[in-house]
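Undergrad: Since chain A is already given, all that's left is putting chain B on it; use the hints.
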Amino acid sequence: GENVGLHLPTLSVQEGDNSIINCAYSNSASDYFIWYKQESGKGPQFIIDIRSNMDKRQGQRVTVLLNKTVKHLSLQIAATQPGDSAVYFCLNDYKLSFGAGTTVTVRA
Amino acid sequence: SAVISQKPSRDICQRGTSLTIQCQVDSQVTMMFWYRQQPGQSLTLIATANQGSEATYESGFVIDKFPISRPNLTFSTLTVSNMSPEDSSIYLCSVEERPGTGGANTGELFFGEGSRLTVL
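Residue numbers (our numbering), protein chains in the order written: chain A, 1 to 108; chain B, 1 to 120.
Here chain A stands alone, though its shape is the one from the complex:
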């Protein structure tokens, strides 16, 4: 399975600012990646996905960037809101996750 951690375990961001969360992966065979959000006491929820033939995909207030050269995945959240406070982590198409996740805390 994957064995590469995230760049930052925690991220504190001011409400209204943009957030950037990163993942690094080691398995070049991964063809598909998903970002999940997990609020305290709840199960993870799907945010956005991206296939390896893309380098960018946009959703509502979120953008995922994929850099296959350096095996790096990032999630950008625009205009971060208090409801975005959660743990964020990424999974690949083998249903394996990378690292321990990034805990995002939004400051009012």
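Hints were generated in silico from the structure; no laboratory data involved. Mixed in with the good hints there might be a few duds.
Claimed, not checked - A short list of chain A residues far from chain B (calculated; beta carbon distances all over 12 Å):
{"hint": "1", "residue": "G16"}
{"hint": "2", "residue": "Q38"}
{"hint": "3", "residue": "K42"}
{"hint": "4", "residue": "Q45"}
{"hint": "5", "residue": "G83"}
{"hint": "6", "residue": "S97"}
{"hint": "7", "residue": "T102"}
{"hint": "8", "residue": "T103"}
Said to hold, decoys possible - With a straight-line cut-off of 27 Å between C-alpha atoms, the simulated DSS-like cross-links for lysine-lysine are:
{"hint": "9", "chain 1": "A", "residue 1": "K56", "chain 2": "B", "residue 2": "K7"}
{"hint": "10", "chain 1": "B", "residue 1": "K7", "chain 2": "B", "residue 2": "K65"}
{"hint": "11", "chain 1": "B", "residue 1": "K65", "chain 2": "A", "residue 2": "K95"}
{"hint": "12", "chain 1": "A", "residue 1": "K95", "chain 2": "A", "residue 2": "K68"}
{"hint": "13", "chain 1": "A", "residue 1": "K68", "chain 2": "A", "residue 2": "K56"}
{"hint": "14", "chain 1": "B", "residue 1": "K7", "chain 2": "A", "residue 2": "K95"}
{"hint": "15", "chain 1": "A", "residue 1": "K56", "chain 2": "B", "residue 2": "K65"}
{"hint": "16", "chain 1": "A", "residue 1": "K71", "chain 2": "A", "residue 2": "K56"}
To be verified - Using C-beta positions, here's what the derived DEER-type ranges look like:
{"hint": "17", "chain 1": "B", "residue 1": "I63", "chain 2": "A", "residue 2": "F46", "range": "22 to 32 Å"}
{"hint": "18", "chain 1": "A", "residue 1": "Q14", "chain 2": "B", "residue 2": "R116", "range": "26 to 36 Å"}
{"hint": "19", "chain 1": "A", "residue 1": "N27", "chain 2": "B", "residue 2": "T118", "range": "27 to 37 Å"}
{"hint": "20", "chain 1": "A", "residue 1": "H72", "chain 2": "B", "residue 2": "F61", "range": "42 to 52 Å"}
{"hint": "21", "chain 1": "A", "residue 1": "S28", "chain 2": "B", "residue 2": "G60", "range": "32 to 42 Å"}
{"hint": "22", "chain 1": "B", "residue 1": "R15", "chain 2": "A", "residue 2": "A78", "range": "46 to 56 Å"}
These figures come from a predicted structure and were not determined experimentally. We treat Cβ as the ideally placed atom computed from N, Cα and C, and that holds for glycine.
TA: For chain B alone, coordinates are given in the frame of chain A:
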């Protein structure tokens, strides 16, 4: 989207005992997955459970320790056997409701709320 119910939501268990976690889905799904999430950690895939076949376990997990049942397309159980404090964790059931438009293995995973086990 699939709705997943897990039981128990939490439990405190004694060392050496076993506990079975139930996962009920409100729709028929082919693939179900069991994860462990230890404190401060991300998800670790334990096994994949498909109806009509034996579960497929990831490296580091064995059937004797984590027996899984999958009697039909809406239900699965995970048993944590002969528990030790190191088994204290959140155990999550998830399903891939349908393959994504990109083909196999690109479906969205839906997760249950998790079962938080504390082993004393």
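Undergrad: Each hint needs a verdict: does it hold in this structure or not?
TA: Hint-by-hint comparison with the structure:
1. G16: Holds, since 28 Å exceeds 12 Å.
2. Q38: 8 Å, violated
3. K42: 6 Å, violated
4. Q45: Not fine: 7 Å to the nearest Cβ puts Q45(A) too close to chain B.
5. G83: Check passes; 18 Å lies beyond 12 Å.
6. S97: 4 Å, violated
7. T102: 10 Å, violated
8. T103: About 9 Å separates T103(A) from the closest Cβ of chain B, which leaves it inside 12 Å; violated.
9. K56(A) x K7(B): 39 Å, violated
10. K7(B) x K65(B): 19 Å, holds
11. K65(B) x K95(A): Given that 27 Å is the threshold and the Cα spacing comes to 21 Å, the pair holds.
12. K95(A) x K68(A): 18 Å, holds
13. K68(A) x K56(A): With Cα atoms ~11 Å apart, K68(A) and K56(A) stay inside 27 Å; holds.
14. K7(B) x K95(A): 23 Å, holds
15. K56(A) x K65(B): 41 Å, violated
16. K71(A) x K56(A): At roughly 14 Å apart (the allowed maximum being 27 Å), K56(A) and K71(A) satisfy the hint.
17. I63(B) x F46(A): 22 to 32 Å: At roughly 29 Å between Cβ atoms, F46(A) and I63(B) fall inside 22 to 32 Å, so the hint holds.
18. Q14(A) x R116(B): 26 to 36 Å: 32 Å, holds
19. N27(A) x T118(B): 27 to 37 Å: 33 Å, holds
20. H72(A) x F61(B): 42 to 52 Å: Violated: the Cβ-Cβ distance is about 28 Å, outside 42 to 52 Å.
21. S28(A) x G60(B): 32 to 42 Å: Since the Cβ atoms of S28(A) and G60(B) sit about 22 Å apart, the hinted range of 32 to 42 Å is violated.
22. R15(B) x A78(A): 46 to 56 Å: About 48 Å separates the Cβ atoms of R15(B) and A78(A), which means 46 to 56 Å holds.
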